[in-house]
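Please construct the entire structure, taking both the sequences and the accompanying hints into account.
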Amino acid sequence: MSNNDYTYELLKTEGRAKRGRVTTVHGVIETPVFMNVATAGAIKGGLSAEDLESIDTQVMLCNTYHLHVRTGDPLIKKLGGLHKFTTWSGPILTDSGGFQVFSLAELRKIKEEGVSFHSHIDGANIFMGPEESMQIQANLGSTIAMAFDECPPALAEKDYVENSVARTTRWLIRCRDRLEQLKQEEGAVNPHQLLFGINQGAVYADIRIDHAKRIAEMDLDGYAVGGLAVGETHEQMYYILDETVPYLPQNKPTYLMGVGTPQNILEGVDRGIDFFDCVYPSRNGRHGNLYTNHGTVRIRNAKYADDMRPIDETCGCPVCRRYSRAYVRHLLKAEEALGLRLCVMHNLYFYNHLMQEIRDALDAGNFAQYKKYKLEALAEEQ
RNA sequence: GUGGGUAUGGCGUAGUUGGCUAACGCGCCAGAUUGUGGUUCUGGAGACCGUGGGUUCGAGUCCCACUAUCCACC
Numbered sequence: 003m004s005n006n007d008y009t010y011e012l013l014k015t016e017g018r019a020k021r022g023r024v025t026t027v028h029g030v031i032e033t034p035v036f037m038n039v040a041t042a043g044a045i046k047g048g049l050s051a052e053d054l055e056s057i058d059t060q061v062m063l064c065n066t067y068h069l070h071v072r073t074g075d076p077l078i079k080k081l082g083g084l085h086k087f088t089t090w091s092g093p094i095l096t097d098s099g100g101f102q103v104f105s106l107a108e109l110r111k112i113k114e115e116g117v118s119f120h121s122h123i124d125g126a127n128i129f130m131g132p133e134e135s136m137q138i139q140a141n142l143g144s145t146i147a148m149a150f151d152e153c154p155p156a157l158a159e160k161d162y163v164e165n166s167v168a169r170t171t172r173w174l175i176r177c178r179d180r181l182e183q184l185k186q187e188e189g190a191v192n193p194h195q196l197l198f199g200i201n202q203g204a205v206y207a208d209i210r211i212d213h214a215k216r217i218a219e220m221d222l223d224g225y226a227v228g229g230l231a232v233g234e235t236h237e238q239m240y241y242i243l244d245e246t247v248p249y250l251p252q253n254k255p256t257y258l259m260g261v262g263t264p265q266n267i268l269e270g271v272d273r274g275i276d277f278f279d280c281v282y283p284s285r286n287g288r289h290g291n292l293y294t295n296h297g298t299v300r301i302r303n304a305k306y307a308d309d310m311r312p313i314d315e316t317c318g319c320p321v322c323r324r325y326s327r328a329y330v331r332h333l334l335k336a337e338e339a340l341g342l343r344l345c346v347m348h349n350l351y352f353y354n355h356l357m358q359e360i361r362d363a364l365d366a367g368n369f370a371q372y373k374k375y376k377l378e379a380l381a382e383e384q
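With positions in the first sequence counted from 1, the corresponding number in the working numbering is that position plus 2.
Since the hints were derived computationally from the structure, they do not count as laboratory data.
Just the calculated beta-carbon pair ranges, DEER-fashion:
hint: 1; residue 1: 281; residue 2: 304; range: 26 to 32 Å
hint: 2; residue 1: 379; residue 2: 186; range: 46 to 52 Å
hint: 3; residue 1: 281; residue 2: 208; range: 26 to 32 Å
hint: 4; residue 1: 126; residue 2: 370; range: 47 to 53 Å
Derived pair list, reagent style PhoX-like, types lysine-lysine, alpha-carbon separation capped at 25 Å:
hint: 5; residue 1: 373; residue 2: 254
hint: 6; residue 1: 14; residue 2: 374
hint: 7; residue 1: 79; residue 2: 46
hint: 8; residue 1: 160; residue 2: 215
hint: 9; residue 1: 14; residue 2: 373
We treat Cβ as the ideally placed atom computed from N, Cα and C, and that holds for glycine.
Below you can see the structure in the form of structure tokens.
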């Protein structure tokens, strides 16, 4: 299980907040970090690998399920793996497909071996379990593979969640064992591939804690908290993090899956989270909802038609350094692809830069102060 | 000047043989979206139907005049 090319250094703490540094075969990740979501190997909205470099992206997140059903992981392996294929040479994390599978599958189709469901592309029958997910992720050769888990609905009954979490634990053991085999096979794309386990348990703190203890014993490369931001309140999410994260190893990266708003991220960092990812910056960008250091800008609104200021006068991103609100608005209205690209670039830079500010604050030992200031600034009206 | 056509929310239009709180698209405004089933979804505001008369129980729909505008002709 040990991996000499992989380290997590805990550089500094403030309360439970962690400032860390992850070293992988694909480069260093300064944490806390926001991973940029590139589901099918590219950020939606037309961003290239070069664009990601220009907005200080550290980690690209790709999706096992999507790459499996379209193009296919065997072909990507044949072409040299996901890094060579996309030309993104930095760290890549692949989601296991668990989340998609459970949004596509009926609950009764879940069995001990795995899940059968229909492809959203052509309706083809697909079966995916721990071994299948690991095989796909090994073919892709990502830096970090995620365990195949079940993400129960937020409103699931407690006895359902208990059974589900027990199965997720058994699946985790199978994931670990299968990935170890795959990494040692001749011609493995990434023999140094890392595996993160995923904590589940919905909003039941006792289940979460038992599960966290159980998977912490497995000495995995990192630990995610999954199954949050799926319909529960923010208070419930923060409560679960308060209760659960202390039982995950402090000397390993922690990852809050699918979260979230800038506010969610500040609260997550405060509770000991290192990794985040979310579709918000890219999706909101495509919809013309832009983040600034002083509230959000709905760039499609008429009041920006003759506004020659940048999207955010305090932002140093390539978009704000050059283009005006009026022009960006015009591009969206005219359905020019460049409009989407600029909006998504700005929003991802905003998130990446937010994480840089958070790391700077942790380095300086004033995260608490920074968080208070930032939450107020984010709540401002434009 | 003559003949013909058209006048409906900011814009473009639908309104059946006159019949319930005048519809739609765009635009505008406001929400939603959290390990992406790829320019999304939901809601809201806004029109005394060019003006003035007339017919009728009832007119955006029919009649008259006026005004504006378009086309053709002189």
